[in-house]
Structures are given as structure tokens and as C-alpha cells.
Amino acid sequence: MKTVFFSLSILFFLFLQSCSSSKRTAKTGNAGNDMEIKSRVTIKNKVPVKKIETKNVDADELVTFAESLQGVPYQYGSADVKKGFDCSGFISYVFTHFKIAVPRSSVDFTNAGKEVSVKDCHRGDIILFTGSSVNSAVVGHMGIITENKNNRIFFIHSASGGGKGVMISGMGEYFVTRFVKLIRIF
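Residue numbering for the sequence shown follows our numbering, beginning at 2 and increasing consecutively.
It cannot be assumed that every hint is accurate.
To be verified - List of simulated lysine-lysine pairs, PhoX-like, C-alpha gap at most 20 Å:
id: 1; residue 1: Lys-120; residue 2: Lys-100
id: 2; residue 1: Lys-165; residue 2: Lys-83
id: 3; residue 1: Lys-84; residue 2: Lys-165
id: 4; residue 1: Lys-51; residue 2: Lys-84
id: 5; residue 1: Lys-56; residue 2: Lys-83
id: 6; residue 1: Lys-52; residue 2: Lys-150
id: 7; residue 1: Lys-83; residue 2: Lys-52
id: 8; residue 1: Lys-115; residue 2: Lys-51
id: 9; residue 1: Lys-115; residue 2: Lys-56
It is worth saying that the hints were derived from the structure and are not from the lab.
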């Protein structure tokens with residue numbers, strides 16, 4: 002029984018760790034706690050700048066559609082709503098629904114759009130994180146901002162931890178330590 006519990010604990014930890022330049026600093030909070038969001042990442046690899054044409058799509062309409070997908074399971078490497086999504090597959094699916102071509106991989110968003118500060122971000126902006134390693138210098142996870150209320154950021158993403166799938170999260174310590182930047186494409 003102890004071996005099974007230990008094995009399940011290890012598997013759960015690994016799930017939490019998957020899917021997943023200048024210094025930027027801002028304050029935000031989750032559940033009333035102020036936390037400093039400061040990018041600790043210096044992007045080492047050159048990623049081509051990507052212009053994303055959003056046509057006349059309304060960012061609020063896009064986020065509302067994304068929110069309707071809450072509960073779709075996590076599936077690594079997938080952009081198929083019937084199978085589930087990984088983080089970039091979710092973003093790709095949402096934007097493709099509105100006929101907006103976006104990169105399929107989270108790292109390819111590194112130089113997309115215009116960088117914005119935490120205090121200036123709003124619904125529809127994209128938030129980028131490193132993957133499972135705090136020390137990584139590569140974007141490996143992403144989401145779409147759903148709300149910025151008094152610098153308390155919430156975003157929708159497909160989370161691998163515990164097989165949660167598409168969900169809205171706040172900027173807790175896990176995400177603050179992996180924050181890379183916010184970009185605006187609308």
C-alpha cells in the first residue's frame with residue numbers, strides 16, 4: 002500500500018511539472034495576497050517575430066468562447082476538442098475558431114504581438130511562462146487573460162497538473178516563478 006501511495010505521489014508530482022530579454026516587475030495578487038511578478042527569464046534562442054492578424058475579432062468574444070471550453074481534458078500534443086488540449090493546442094483551437102492563424106507551439110509566441118505590463122494587461126492578452134522548470138529560458142506554457150482586476154490576473158489555459166485540462170487560474174506562486182511576459186495581439 003505504501004509503495005502504491007508513493008508511486009501515485011510521484012506521478013501526481015510529474016503531472017504538475019509538465020506542460021508547462023529584460024526584467025519586468027509588477028505587483029499582482031491572488032486571493033487578496035500581493036505578489037511581485039518579475040520575469041526571471043532571459044530568452045536565449047532567437048525566435049522570429051510573428052505578426053498575428055486578428056481581423057475584426059473582438060477580444061471579449063474570443064475569451065468568452067475560450068471560457069466555454071472549461072473542463073475539456075488535458076491531452077499532450079493535441080488541439081482536438083474531442084481528445085483534449087495541451088496549452089498551445091488550446092490557444093490554437095480558440096484562435097482557429099475565429100479564423101486567426103497563430104503559432105502551434107508556445108515557444109513560437111515569444112516574439113508575437115506587443116509586450117504589455119501586468120498593470121496594463123487586459124482580457125484577451127496572452128500570458129507566457131516557462132515550462133515545468135523555473136530555471137528554463139524557454140517559453141513552455143501559455144494562457145489567455147480573462148481578468149485583470151486591480152492587478153489580480155486570472156487566465157484560462159489547459160493545465161496538465163492532475164489532468165485538470167482547461168481551467169481558469171490566478172497568479173499563485175507556481176506561475177509567478179515561471180512568468181515570462183504578457184503580449185497583446187488585439
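Checked hints:
| no. | hint | result |
| --- | --- | --- |
| 1 | Lys-120 with Lys-100 | violated, 29 Å |
| 2 | Lys-165 with Lys-83 | holds, 15 Å |
| 3 | Lys-84 with Lys-165 | holds, 13 Å |
| 4 | Lys-51 with Lys-84 | violated, 28 Å |
| 5 | Lys-56 with Lys-83 | violated, 27 Å |
| 6 | Lys-52 with Lys-150 | violated, 28 Å |
| 7 | Lys-83 with Lys-52 | violated, 29 Å |
| 8 | Lys-115 with Lys-51 | holds, 10 Å |
| 9 | Lys-115 with Lys-56 | holds, 16 Å |
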